[in-house]
Every structure is written in C-alpha cells, then in structure tokens.
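Chain order of the listed sequences is A and B. Taken in order, the first sequence gives residues 1033 to 1309; the numbers are from our numbering. Taken in order, the second sequence gives residues 8 to 286; the numbers are from our numbering.
These are calculated hints, taken from the structure and not from any lab test. Every residue gets a Cβ at the ideal spot worked out from N, C-alpha and C, and that includes glycine. Hints are supplied without guarantee of correctness; some may be wrong.
To be clear about the criterion: a stretch of chain B counts as covered by chain A if any three or more of its residues have a C-beta under 8 angstroms from a C-beta of chain A, and this derived list gives those stretches [claimed, not checked]:
id, segment
1, 36 to 48
2, 63 to 76
3, 226 to 239
4, 247 to 256
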Amino acid sequence: MNSAVLTPPQRDPAWLPRLFWLCAGAVLLWPLAVATEFQPWILFESANLKVTGQFLGTFWPPAHAPDFMALVAREAWRTVAIATAGMTLAFVLAVPLTLLSTSVLSVSALSGRMARGPFWLRQAVRGLLIVLRSVPELVWALVFVRVVGLGPTAGVLAIALTYGGMLGKVYSEILESGEPHATHTLLRNGASRLQAFAYGLLPQNAAELTSYTVYRWECAIRSSVVLGFVGAGGLGQQMDTSMKMFNGSEVFTMLAVFVALVALADRVSAGLRKSLG
Amino acid sequence: MATQDPQHLPEHLAVPAPPPLFNAHCRGCWFASGLLALVVASFWSLNLQWAQFFSLEAARSMGRFVAEFFPPDTSPAFLQKLALATWETLAMSAFGTLLAAVAGLALALPASRMHAADPARGRSITRLLLNVLRAIPELVWAGLLLIAAGLGPFAGTLALALHTTGVLGRLFAEALENAPAGPADALRAQGAAPLPVFFYATLPQVLPQLMSYTLYRWENNIRAAAVLGVVGAGGLGQLLSFHMGLFHMGKTASILGAMLLLVALVDALSHLWRRVLMR
Chain A
1033 MNSAVLTPPQ RDPAWLPRLF WLCAGAVLLW PLAVATEFQP WILFESANLK VTGQFLGTFW
1093 PPAHAPDFMA LVAREAWRTV AIATAGMTLA FVLAVPLTLL STSVLSVSAL SGRMARGPFW
1153 LRQAVRGLLI VLRSVPELVW ALVFVRVVGL GPTAGVLAIA LTYGGMLGKV YSEILESGEP
1213 HATHTLLRNG ASRLQAFAYG LLPQNAAELT SYTVYRWECA IRSSVVLGFV GAGGLGQQMD
1273 TSMKMFNGSE VFTMLAVFVA LVALADRVSA GLRKSLG
Chain B
8 MATQDPQHLP EHLAVPAPPP LFNAHCRGCW FASGLLALVV ASFWSLNLQW AQFFSLEAAR
68 SMGRFVAEFF PPDTSPAFLQ KLALATWETL AMSAFGTLLA AVAGLALALP ASRMHAADPA
128 RGRSITRLLL NVLRAIPELV WAGLLLIAAG LGPFAGTLAL ALHTTGVLGR LFAEALENAP
188 AGPADALRAQ GAAPLPVFFY ATLPQVLPQL MSYTLYRWEN NIRAAAVLGV VGAGGLGQLL
248 SFHMGLFHMG KTASILGAML LLVALVDALS HLWRRVLMR
C-alpha cells in the first residue's frame, strides 16, 4: 500500500480525451487538406526537386554587377517613394474624412442626442471608409493598371485609397477613445469645430496619431513591393521579372536588399515611435 | 487701466514673439523638415502621370471600365465555381495558419530563453530566421514557391504558412519568455526534463495567448489568401486575375463582390468574437 502512494501514475491520466481530440482534429482537417491540394510529396518528386535545385543553385553567388546594383538601388528607392507618396495622399484623404466622421466634434451631441442629419452624414462617411479599406490594395492596383497603364502611378493610387480608408477609420477611433472634456469645453464656449480640434483634440492625441501613421508607413513599404508584382513598379516588378526568367542570383540579391529595407524601416519606425513616448 | 490701448501694453504684459519657424536645437523641426524632404523627393522622382489620370480620356476609360462591371455574372454554373474558389480561399488561410502555428511553436522554443540558466544557444540565429520569414510578404513567397510546388492552392498555402510562421514564431517566443516562471521552476527543481517542463508547466499557461495570436493572424490571412492567387496560387485571386486578363468584366465584378463579402464577413465575425471575449 505504501508503495502505491509513493509511485505516481506512470500513464497520462487524460490520455483518452487527448486521443479523441487528436482524431477529431484530423477528421476536421481532412476536407481542408483536400481543398488546398495539400500534397507535400510533390515537393520531393525527382522532376520538381531537380528544377528547384537548379533554381536554388543559381542563387549563389548573388548578382553584384555594378549596373545591376545601380538598378536595384534605383528600384529600392522607387519602392520607398511609392510608399511615401501613397501615404501622403492617404493622409490628405483621411484627414477631412476623419474630421467629418468623428462624433467628438458634433455640436448637436453636446446637448443630448446627435441630430439626425449629422448622424447619418457620419454613418455615410464611415461606410465610405469601410469600402475604401476592404478592397485589398492589390485589387485597386489591378484596376488602376488598366486605367493609367503600368508604372508607379497605379501603385501610389492603390496605397492612397486603401490606406486612406484605414487611416481614416483608426484616426477617428483614436480621437473618440480619448478624454473629450477639453474639446467639449471649447465647443461650449463658442470655439468653432476646427478650433476645438486644433486646440483640444489634436494636442491630446498627437503622439498616438503620429505613431500609428509611422507604423502604417512601414506597412506601406511592404505592400509597395507586393504591388510591383502586378506591374506597379519598384523592387517587386524587377523581382517578378527575374523570377520568371529563373535568374536566381538576381532574385537573391533583391530579396536580401528587400529584407534589409524592411528591417531598416522597422528600426526607423520603432525609434520614432519610442521617441514619441 | 482697463481700457488701455493693447498696442501700448507695459513691457511685462507684452505678447512674446512667436518662436522662429526652424530652430537647430529642436528635434521636431528636424523631423518635420526631413519628412517634407522625403515626401517632395518621392513625388519628384516618381514622375507620376497625373495629367493622364485626370484627363478626359482616363475619366472616359474609367467610366467604361466601371460600366462593364454591370451586370455581374450570376449564372448558376459560374456561382458554383465562385463558391468553390471561396471555399478554397478559406481552406488555404485556415490550413496555412494551422501549419504556421505548429511551425511557429517549434521555432519559438529555440528562439526563447526559458529560464535564467538556459544557455539558449540557437536564440539569435532562430530569431534571424524568423525575421527573414516575416520580412518577405506572402505574395513573394508564393512567387518563389510556384517553382517548387507548381500552380495552385498548395503553393499559396505554403506561402501563407511561411510568412505567418515568421510572425507567429516571434510572438510565441515573446509569450514564452514572459510566462510566469514559478510552475516551470518547481518542476525543474524536482528534476523534470525540459520537454515535460514545457508541456506541463509553460504551455498550459501561455496557451490562451497563443490561441488568440493565431486567430488574429487567421483573420489577416483570409484577406491575404483572397489576393494571393494573382500570381497563380489558387483561390479567388487566381479566378480574378484569369477573368480580368480575359476582360470578362461581369465575372470580375462577381469575384470582387465575393471578395468584399468574405472580408466583411470575417471582420464582422472577429468583431463579434472580440466582444464575446471582452465580456
């Protein structure tokens, strides 16, 4: 009896439920695996393995001819420029929409409920913001490539529209989450809505607004590379071309430059946000 | 005294002059001028075709383009194809996220220092790997994987899994390092091996957090999966680029509608889910 107390049970007491959930999970996963044509073994078929090996084999040494490096540098700058120009336009688009949609600046809401007209106007602006940001930027880019042709204009417009929607929504959320007291006092004492915004709402939330904008700029750099794949210029477009020509060494150089670019943007944005507090 | 002319206030009441616009000692001024320079340089170097975009010609072609969207194709045969592609998109996102959660956890273990005496030799190299996985977007992964895995949803699933592994691995590693050390220390003091310590002390504590990170990434991945097919990696995106390339505008409109619906549905569900969790 004594020994039975001292030796703990060697078997997991919960083994039956664990086994059951494991099997149930496998049954649930089966249709997913079928739908995604999940066949890892085709990665290891000899024909595929040979092509992959050849492609990976060309990765080293990375391309480093001077004129190619100059091209990569130019395209990397274009990637940053597309992101920055797109963000600027997105900001220009987002600010008026934010001012229209935030309920803190409503004069009629100071005394009880918001009047019906302003309420529906705000809902309509919010709906517009939702539509702008639910269309993925890649789809906007596909559309604009049709209208303005290949090149950075399509990328800038795509980022401007999607990010304009995102910025507008998050800006008004930030403005509404803060303490409205100062703003309401200004409005009650006869300040105009713009004055109340500039002297009450903005100073209170400036750090958070700036920090979110910087974070979005970092995201925009990543997505401007992706937009290049549908012909919107920049590093992505060059990468797509090199991939289609199976030029592994060029792909490797561009991937390395891209990873470095993203890491740099990450650093800059983290540093800026830290200094904002 | 009360009616004194404001132009001739005594010295101590005078309004101070506004500060100069630029001051070499103020960091905000440097930041603002740097930002301005970046924006100006961006617009200047891109030579954007605004003239072309705002021309009558562009407006007309935009109008034509939008008009061709109507009516959207709603024939039963096409809707069936659309439903299949939507299901494929959902399956890609779910399966990719699941694979990423497993791989992310496997990589988070060497990437985290579990206790003070843990040498954690592979920590920096694993973190570097996770950062590289994370820095390359899904679409670029998909483009690379097409060579190894061929066209279709398999390449897309793997691409989602690779990028998400980087994201989740880093988040998981942070969560593991921040887990309360008490239970693990107790087991370790009793002489338990590292693996049982992880499974019986650390994992149960951080599991809810890991689940919520994974669900959040799934939400992101549904959006990503919808467009991933543009490079040929299956789902709604593949259908979109196919029909858009052939100028089947009615069909394109239906696909765009399905995409918007999917994204809106996911947003609404996650909003609801969060409200339930918050309660």
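Here is what the structure says about each hint:
| no. | hint | verdict |
| --- | --- | --- |
| 1 | 36 to 48 | holds (count 4) |
| 2 | 63 to 76 | holds (count 4) |
| 3 | 226 to 239 | holds (count 5) |
| 4 | 247 to 256 | holds (count 3) |
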